[in-house]
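K.L.:
Chains as they are written, first to last, in my numbering: chain A, 1 to 300; chain B, 1 to 237.
There's no promise every hint is true.
As the list claims (entries may be wrong) - Pairwise CB distance ranges (calculated):
| no. | chain 1 | residue 1 | chain 2 | residue 2 | range |
| --- | --- | --- | --- | --- | --- |
| 1 | A | Val-183 | B | Ala-78 | 45 to 55 Å |
| 2 | B | Thr-192 | A | Phe-12 | 33 to 43 Å |
| 3 | B | Gly-173 | A | Arg-277 | 55 to 65 Å |
| 4 | A | Gly-52 | B | Ala-80 | 50 to 60 Å |
| 5 | B | Ser-33 | A | Ala-13 | 37 to 47 Å |
| 6 | B | Tyr-18 | A | Thr-175 | 50 to 60 Å |
| 7 | A | Ala-13 | B | Ser-44 | 32 to 42 Å |
| 8 | A | Ala-13 | B | His-202 | 37 to 47 Å |
| 9 | B | Ser-144 | A | Val-242 | 38 to 48 Å |
| 10 | A | Arg-20 | B | Ala-43 | 22 to 32 Å |
| 11 | A | Arg-217 | B | Arg-119 | 26 to 36 Å |
| 12 | A | Arg-3 | B | Ser-144 | 28 to 38 Å |
Said to hold, decoys possible - Over the 12 Å line for every Cβ pair with chain B, so calculated as not near, a few chain A residues:
| no. | residue |
| --- | --- |
| 13 | Ala-257 |
| 14 | Val-279 |
| 15 | Ile-291 |
Honestly, the hints are just simulated from the structure, not real lab data. Given the structure is predicted, the values throughout are model-derived calculations rather than measurements. Cβ atoms here follow ideal geometry from the backbone N, Cα and C, with glycine treated the same way.
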Amino acid sequence: MNRGLMLILIAFANSLRGIRNAATTSSMAILTIAIVLVLAGAASLLVENMAGVLEEFGAELRLTAYLDDTVPPEDQRHLAQTVAAAPGVDRVVFISKEEALRRFERIAGGDELLAGLDENPLPASLEIHLRPEARTAEGIAILDASLDGLPGIDELAHGQEWIEGYARAVALARTAAGTITIVLGLAALLIVANTIRLALYARRDELEILALVGASRTFVRVPFMLEGTIQGLLGGLIALLVVFGAFELVLPQVRTALELVVGRADLRFFSTAESIRLVLSGAGLGLLGSITALVGGRTA
Amino acid sequence: MSATGESPVRMYHVSKSYMAGQYALHDVSLDVSRGEFLFLTGASGAGKTTLLELIFAAEVPSEGQILVLGRNVARLGAGAIPALRRRVGVVFQDFKLLQERTVEENVRLALDVVGTPRREARSRVFAMLKSVGLQHRRFHHPLSLSGGEQQRVALARALVNEPEILLADEPTGNLDPELTIEIMDLIVKASTRGTTVMVATHDHSLIERYGKRVLRLDAGRIAEDVPSAVPSTGAVS
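Produce the entire structure from the sequences given, and follow the hints as far as they go.
P.N.:
As structure tokens, this is what we get:
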């Protein structure tokens, strides 16, 4: 075995010894990182799923342009082509008066409601499907403006207010999640740094002896950095398990509620890459905390 | 390894001051030959420990130059100090052993810092512990050992890397007379293998017993430099 590899093994052994010897403070650091990542992970999961629901809404989102009855059928089809060329429009489906009536009867469960009327009161309309990038409040506003005043269009109906409100809620949740993550991350960083600082203090005799026998600064520092990284890694793993457990626990209830409101709900947990990122962010926090402590502390 | 013939420790008009106008060491010039055994003596506060600390680069001189194994300690960068210390073994009165580690692990520390492969380290530690008569205690913890045994462990740690210089600061200060002789014999034995040895002590009986070169310090200055009465590499029975 070469000396470089031996030094790495020794550094690992020393960091594990450090964690074992300071079990209480190490557990505190692991727990702190776990709590931070549980909160940050849960917030991120919530925001991503909210965004996912918004996406699903977007896919279902269509605008309806009700046409003036005075417009002749051939002009109505021409109008459909004009609308299809408008910004953000994916495709346009022309719904004739007859088709509108058939749909109404299908929804109403018969023709009793309109039985007393001499003629079909329902207008022809254009069902406007939007491109994904246009499924935003801004996209709808742009389309609205370009169709405004177009001869033959009586009224343009859409759920812009609802979409705007939901998008605002997602943005707010995203900002809140980001802020919570940063604040808690900083708190965790300080706690890990203090844990490592305590470890440095508790092991000052060892550091003195290591310096006496010719240990390099790297030899002294690396085990502490590994210690922080291992603590962070363990904290990250615990957080992942807790978030997964909580997700599985509340999933059935949330799914039922969402299905009632929006018809369907494809809620998802973190992907493998996202899960690894969560655990690694714990390791990163731990490493950063130990570096902070080492920069401030005295090591050989 | 210092070049053959070159003295491993040379001091030129070295002073060390912690406060303006107050010197722990003042204008000390010194040359210690390879394999030489030197006693540093003097009252408490005479500058014995400061002199040793300057040699293993725990302190930097306020004035003058110190050459240790050919390196100018005053100009040594922080990164170069560990490399120098691997060539200088140090023993203290209070042993400086890690209580939560076994005897073997304490001695191995000096080999671990240079990444000595485990098998080689074990065999070298065993041989070193055998030479100080503690091979049977290698899995014990320091607290279960007597003071003399703990100092033997500290000595084994200082010597396991085969240093060119061994510094001992009151190594027998905490030991009874019998154990003192035991430890001193081991230190003298190291010098017979070519290691330059400097021992700080105020125990005159030791100085008389071994008849080595004596450097007496008084208020930070060299008050007396008495040459060895016996050949520098001779073992003492």
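K.L.:
Against the structure shown, which of the earlier numbered hints fail to hold, in ascending order?
P.N.:
Of the numbered hints given earlier, those the structure breaks are 1, 10, listed in rising order.
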